[in-house]
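Student: Take a look at the letters that make up each chain.
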Amino acid sequence: MKMSYREALREALREALRNDPRVFLMGEDVGKYGGAYAVSKGFLEEFGPERIRDTPLSELGFTGAGVGAACGGMRPIVEIMTVNFSLLALDQIVNTAALLRHMSGGQFSAPLVIRMATGAGRQLAAQHSHSLENWYAHVPGIRVLAPATIGDARGMLAPALADPDPVVIFEHAQIYNLEDECPTDWRCDIARAAIRRPGSQVSLITYGGSLPKTLLAADELAREGIDAEVIDLRVLRPLDMATLAATVRKTHRAVIVDEGWKTGSLAGEIVARLTEECFYDLDIPPRRICSEEVPMPYAKHLEDAALPQPAKIVAAVRELLNA
Amino acid sequence: MLEFKLPSLGADMDEGTLLDWKVKPGDTVGKGQIVAIVDTSKAAVDVEIWFDGVVEELKVPPGERIPVGAVLATLRELGAESPPPPVPPRTSALPPRISPAARKRALELEVDPLGVTGTGPGGAITLADIEQAAVQAAAQMPPPSPPAVHAPAPVKTDRQAEMRKAIAAAMSLSKREIPHYYLAETIPMARAQAWLTAANTGRPITERLLMAVLQLKAVAMALRQYPELNGHYRDGSFQPAPAAHLGVAISLRQGGLVAPALHDVGDKTLETLMGELTDLVKRTRAGSLKSSELTDATITVTNLGEQGVEVVHGVIYPPQVALVGFGRISERAWVENGALSLIPAVIVSLAADHRVSDGHRGALFLTELRRWLQQPENL
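Residue numbers (this note's numbering), protein chains in the order written: chain A, 751 to 1073; chain B, 87 to 465.
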């Protein structure tokens, strides 16, 4: 069945709310407004204000309330409007949720799911266009997911709720309207990376909103006779190094596409790990295609220029293979 | 600025192939340190440097053939200011860049990357370059192909021919320029044999002494009285050597021979000499000699007794001025004090340079050598 990324997320949420009375959704504008990206439209009427809770504009407060509810036996889903606002809740996520199991000697954990939109590309300007997934991927104690397909948008929530520890899910703002076939069996793991396009000559490793761009680039490269494999990380922490190592051992070339800024990026972590684990399989230096290191511009042409784009990926691969 | 030039590793050497560097720019090196491996016609030789300094630039890349005297590297004296930051971005002296995957594949396919042209970023050798080179190599190889070698192939395959040429040059020079005279003396070996048997009693096989070691030590002791047999003749004059570095002729299984130096033989115990001789033979046959071992010999000793010959008429290895040859030790009828007896004996010969010594002194040397071999306990 064809559906949008937004619809797939909504279906997953609805299923969770219907199947488990411990599950509730809270965040800014999730109720009356239907969610900043309209994911929870109609939920207030369907599930009532007890389970679809509009919160004050205090990320620190309501994320903390989510942690408390999780410790108390509930299965809260906290929606943070965008990753930039999540910086206000960092203390609850990094210093509390991620550490509870450790600091209680295994007595408690916080099985909550935090969803947030991330990324640029919609002319939302510098303060609402961040890709800070790597900030969370840095922290032990939380699992970080980046659904980039309709299937993962539909399937990742259930295992995330089943995880006994906190899970952060990043939904890229640019792909809510993406439409595609939803696989009939959308159930999935939240442990492994996926090969989205098999290929033999170069591995394009990416995640989230950069996956559609990378697939477009791979198509273009195929027309030029370059057979690229596209890997979707899916899980940003812990990284599935087995899949990454396997693809590099096959193609001997790695290009990482990451919307984060290059300095201190997840792409940098992947290059480091591949160098540590697959040094003797690399045939060219790994390459990173990241956002330009500038505050995200508002102007459309400048924003486009600052982000990874299919043309940039194609050009980089072409240069690496023909140089 | 100091220049480290390719030394002549023997009178017969006029060029060599740099196989590998053992130092890199910025390294501090000391006199006697091995800095490079050079392939001569005889072996891959560990070349030692003869002064202290800090390596500035390696001028020759591995794989290059260079004449004796060519500058291999420049060094700066210890304590000297380091030069301004290096100006040349990349010189041809740097080895070619090769990707890690290509390097691994090259080992697996036994392809020498030195001969491969890189098509990767910045001219780096890639996996595809190595695989293509392997295919080409396979196509060119004759049907009953020997296993491929890693080092520059032409050098190794031609080594036997090269060595033959080198021996030809050295021996022709010797016979053309050195007026040889020859002397021989039959020396009783009963005492030496008896002493050796006793000395080896109770020793594990690996520590047993060989007669060759007694003979070498005896030669070195005898040379102390006859310095005109021990040294080098260069530029029309003889330079006696302060110590006896005996060139030990070692035949190679694939043909040819090398006579690397056993240093300071007169000052070492038989046990030490035995260990060093074993090591020298092993390394000679493995082709890993040090440059000093190839150049320092002051006289050559050859022992062809094991091959069954009675007497050796040697050819001097220039610029040395003498060669001592030992034949087979065998039972001989011997007359002493009017009585006939059977004793083990060996014929020892001396080939010497008449420009430096005369038969009279040579004869006295052989007598002295005989005397030493009659008192093995003092060796």
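Treat the hints loosely; a few may be bogus.
[Stated by the list, open to error] Which bits of chain B does chain A cover? Going by a derived footprint, with three or more residues having C-beta under 8 Å, they are:
no. : segment
1   : 320 to 334
2   : 438 to 446
[Unchecked claim] So the derived list for chain B, only partly shown, Cβ under 7 Å to chain A, looks like this:
no. : residue
3   : S185
4   : P186
5   : A187
6   : I253
[To be verified] Sample of chain A residues with no beta-carbon within 12 Å of chain B, all distances over it, derived:
no. : residue
7   : M751
8   : S808
9   : D930
10  : A944
11  : A996
12  : R1003
13  : D1031
14  : P1035
These aren't lab readings, by the way, just hints derived from the structure by calculation.
Yeah, the Cβ is synthetic: ideal placement off N, Cα and C, and Gly gets one too.
Student: Would you list, in rising numerical order, the hints stated earlier that this structure does not obey?
Tutor: 1, 2, 6, 12, 13 and 14
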